[in-house]
Amino acid sequence: MSASLADIHRCFRCGWCMLPTNFADYNCPPYVRFRLEGYSPGGRLWLIRAWLKGELEWSERLAEVLFSCVACRNCAESCQMRFKDEIVDWIVTAKSIAVEKGLVPPKVRDFLENVARFGNPWGLPRAQRMAWATGVKRYDKDEYLLYLGCESCYPERGREMAKNVIAVLEAAGVSLGVLGDEEECDGNEVYMLGELGLFNELASRNAKKFKELGVKKVLTVSPHAYNSMKKYPGRGFEVLHFTQLLHELVQRGRLALSGVRYKVTYHDPCFLGRYNKVYLEPRRVLQGIPGLQLVEMRRSRESAFCCGGGGGNFVFDMLYGPESPARVRVREALETGAEVLAVACPICKCMLEDAVKDEGLEDRIGVKDLAEIVLDAMKGP
Amino acid sequence: MRSVKKEEIYKALVEIVGRDYVSDRKEDLYIYSRDPGLEEAHEPDFVVMPKTVEEVQEIVRLANRERIPVVPVGASLSLSGLTIPYKGGIVVDLRRMDRIIEVNRMGRYAVVEAGVTQGKLKAYLEENFPDLCHSLPEAPPSATIVGNLVIHGQGHLAQQYGFNSSMVTGLEVVLPSGDVCRIGSCALGPYWFSVEPFPVPAGLFLGWFGATGIITKVGIRLYPRKRLRDVEVFVVEDPKLVPEVVYRVAHTEMAEDLTTSAQPYPPIYQGIVMIQVYINGDTEEELEFKRRLIWRSLKEIIDAKEGGFMALTPDIRGTLLEEPIPTLTRFADVLRGGGFVYCGAIIPVEKFPEALKRLFEIAERHQVTFAHSGRVIGRGHCMMFAFAYPFNREDAASMERAKKALDESYIATLEMGGIPWKPDLSAQRMMIERMDKGAAELLKRIRKLLDPNGIMSPANWGVEP
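Protein chains in written order, with the working numbering: chain V, 65 to 445; chain G, 16 to 480.
Be a bit skeptical, because a hint or two may be false.
[As the list claims (entries may be wrong)] Output of the computed footprint for chain G on chain V, the stretches with three or more beta carbons under 8 Å from beta carbons of chain G:
#1 73-87
#2 99-105
#3 108-122
#4 140-153
If you are wondering where the hints come from, they were derived from the structure by calculation, not from laboratory data. It should be emphasised that the depicted structure is a prediction, and the values quoted were computed from it without experimental measurement. Yeah, the Cβ is synthetic: ideal placement off N, Cα and C, and Gly gets one too.
Work the whole structure out from these sequences, hints included.
Structural data, given as structure tokens:
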């Protein structure tokens with residue numbers, strides 16, 4: 065990476081990037097939250113350019129504009145210009161300049177320092193990473209290394225999701241193991257925050273460990289890890305997101321699904337959907353469950369509205385408030401009449417569950433991860 | 016503005032809309048001080064984002080009391096600086112007012128708030144009222160409905176039904192005094208179906224670029240959206256034939272939209288003018304019927320080998336059928352420079368050959384590349400003829416050349432008897448100078464009457480920046 069910013073002036077600030085591909089509503093999370101032009105992708109690029117040209121000095125506001133970008137990639141999906149695929153790289157490069165100059169906001173600095181020192185963005189002890197997973201088998205030449213990631217190891221909702229994934233895969237007889245305390249941060253958010261040196265270090269450490277252990281296939285719980293590992297230089301292993309394997313297991317009839325009786329709407333995680341074009345497999349899993357009614361939100365697939373947790377925001381939450389992306393998304397899910405908001409990412413799970421509580425909607429809609437829904441289906445309606 | 020005063024006003028604005036929706040940060044002022052065109056940047060003192068009409072009223076009352084300029088903005092995409100706060104003051108970004116309030120299917124109209132985008136209404140209608148559409152301009156879908164109306168924009172139904180501003184069925188406006196008024200049937204009852212047969216005060220606000228009040232809601236006509244849509248491209252080498260082609264096709268009353276284009280690159284397009292004829296229908300039969308009548312109307316020109324229909328590849332056809340067509344926006348990247356400006360000349364169709372000749376001459380004189388796109392308005396009653404010039408934002412000389420070409424295009428428009436559409440300040444001045452004195456005086460008086468303190472978008476239509 066480290067895209068050149070020489071072409072950043074090519075952004076016309078026409079605003080296609082703020083919308084989803086069907087134009088239904090604004091789809092840039094920071095813009096939806098703040099509603100100032102500077103928080104839109106085009107506005108952000110113009111401010112970056114003004115900063116680099118010396119027309120604006122670095123400031124707290126500029127830092128917020130830059131680091132509130134959650135790297136959801138809606139802008140790249142909707143932009144009509146030939147440089148569309150460079151937009152996120154430009155923003156990451158600008159962040160990396162701020163990192164190099166030591167200009168990042170304190171919350172971002174803490175995030176990065178914590179990852180560097182403790183291997184997780186919260187600065188929690190490494191020993192806590194897998195303390196909850198005592199009964200889970202450690203990797204030993206299994207078919208899959210199950211990579212959990214920080215977001216599945218530390219937050220309670222993330223742990224729940226990891227346990228659900230493990231339970232489903234064990235029920236299907238999948239050969240897998242985890243790394244335990246030796247697991248390192250995958251580096252996705254570190255990369256998106258522009259700390260490219262730390263990302264490279266994490267990538268090389270993880271790749272080296274996988275090689276030493278003879279890992280051939282890595283299965284990730286989090287789409288963020290899935291995305292990150294696909295970028296590891298010289299990657300000598302295959303990476304799969306758990307929904308892809310789940311889809312295969314459902315197709316092969318390896319899971320006995322009695323069914324459920326609820327209406328579900330599926331929220332596409334950015335790092336699975338827009339970044340890696342995995343839209344079908346999670347839906348096929350849900351469609352394969354007897355009795356489950358799947359409905360789509362106004363914005364789905366490549367137009368899905370991000371929960372606002374990417375780019376480290378699930379830790380430092382710059383987009384808090386009634387118009388936070390997660391709360392907007394939960395209200396949109398409710399419009400479909402679904403009782404369950406299905407997720408495939410531990411970060412989405414944390415963000416959206418908190419949003420359901422903030423909106424006071426616990427009685428009307430619940431957030432469940434895909435593995436949890438499959439477990440429900442195994443128990444029967 | 017004195018800093019103590021500024022602080023007071025900031026606090027008052029926070030009282031009105033809440034802290035999250037007011038800014039006096041230099042980064043925000045920077046962004047709102049410019050648009051993507053070539054007009055000089057001027058910073059406002061504040062940016063404010065109201066959610067309700069009551070908030071807009073409070074903001075305007077405050078501004079009127081304190082004699083502070085107010086500049087209402089949508090997506091700021093005029094490219095001619097119409098939303099630049101040349102005299103500072105408060106920029107009112109209306110995009111939080113983004114509710115689609117009503118679609119009356121039987122009456123074929125929609126009522127929307129000022130911040131609703133073209134894209135949002137399009138998506139909403141496609142999902143909920145698939146047999147209805149509004150006249151969609153070729154602007155980016157982030158452009159607002161109201162923004163397009165206050166500049167007398169045109170959309171894909173212009174050839175059938177005229178300027179988008181003639182499709183207005185009702186307005187809610189906050190006057191410079193802060194009072195709110197409704198215009199049209201909505202002034203008498205709950206329906207927003209028509210502004211006639213009142214005296215039509217809607218004209219006091221349409222085309223004024225925000226200089227007479229802030230439109231907060233609008234009713235606009237919707238039209239039948241047919242299930243099928245197609246396009247044919249008629250090509251002529253002699254631009255003098257274009258008015259006749261337009262006349263003949265418009266006479267059939269079979270075309271949905273009629274647009275023109277000419278450009279020097281790629282070379283395959285050099286020396287020709289393309290006339291895009293859009294047709295629609297609910298059945299293949301209807302489509303074929305319309306196609307046949309249009310072909311028949313041009314038979315003599317085809318037989319004389321003076322023009323013909325172009326074979327379209329699926330790619331080209333697909334691009335032409337996109338709504339809106341992104342190629343117009345992509346013109347900004349022709350020089351890999353992030354910008355273009357254009358003079359949209361509203362001219363009689365018979366002036367097309369002269370306008371094209373002038374475009375070539377201007378481009379040659381200023382050594383700029385160019386493109387023309389045009390749209391027929393009404394059944395050939397007039398057309399919008401764009402003199403468009405890309406520039407490179409990183410190259411001052413390129414920007415200067417494009418600006419000179421633009422200025423000269425405004426002059427050419429006036430010399431041809433045309434009207435510059437959404438003119439920048441210098442073109443507005445030229446128009447006022449050349450305008451019938453009685454008309455200029457009337458505009459001035461209307462403005463003075465509505466806005467005695469001169470707070471509303473004070474640079475537009477006659478007040479020096």
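Now the hints, each set against the structure:
Coverage of the region 73-87 of chain V by chain G holds. Counting CB-CB distances below 8 Å, 12 residues qualify, and the rule asks for three or more. Look at the region 99-105 of chain V against chain G: 4 of its residues bring a Cβ nearer than 8 Å to a Cβ of that chain, three or more, so the hint holds. Interface restraint, the region 108-122 of chain V with chain G: holds (5 residues with C-beta to C-beta distance below 8 Å; minimum three). With 4 residues carrying a beta carbon less than 8 Å from a beta carbon of chain G, the region 140-153 of chain V meets the three-residue requirement, and the given coverage holds.
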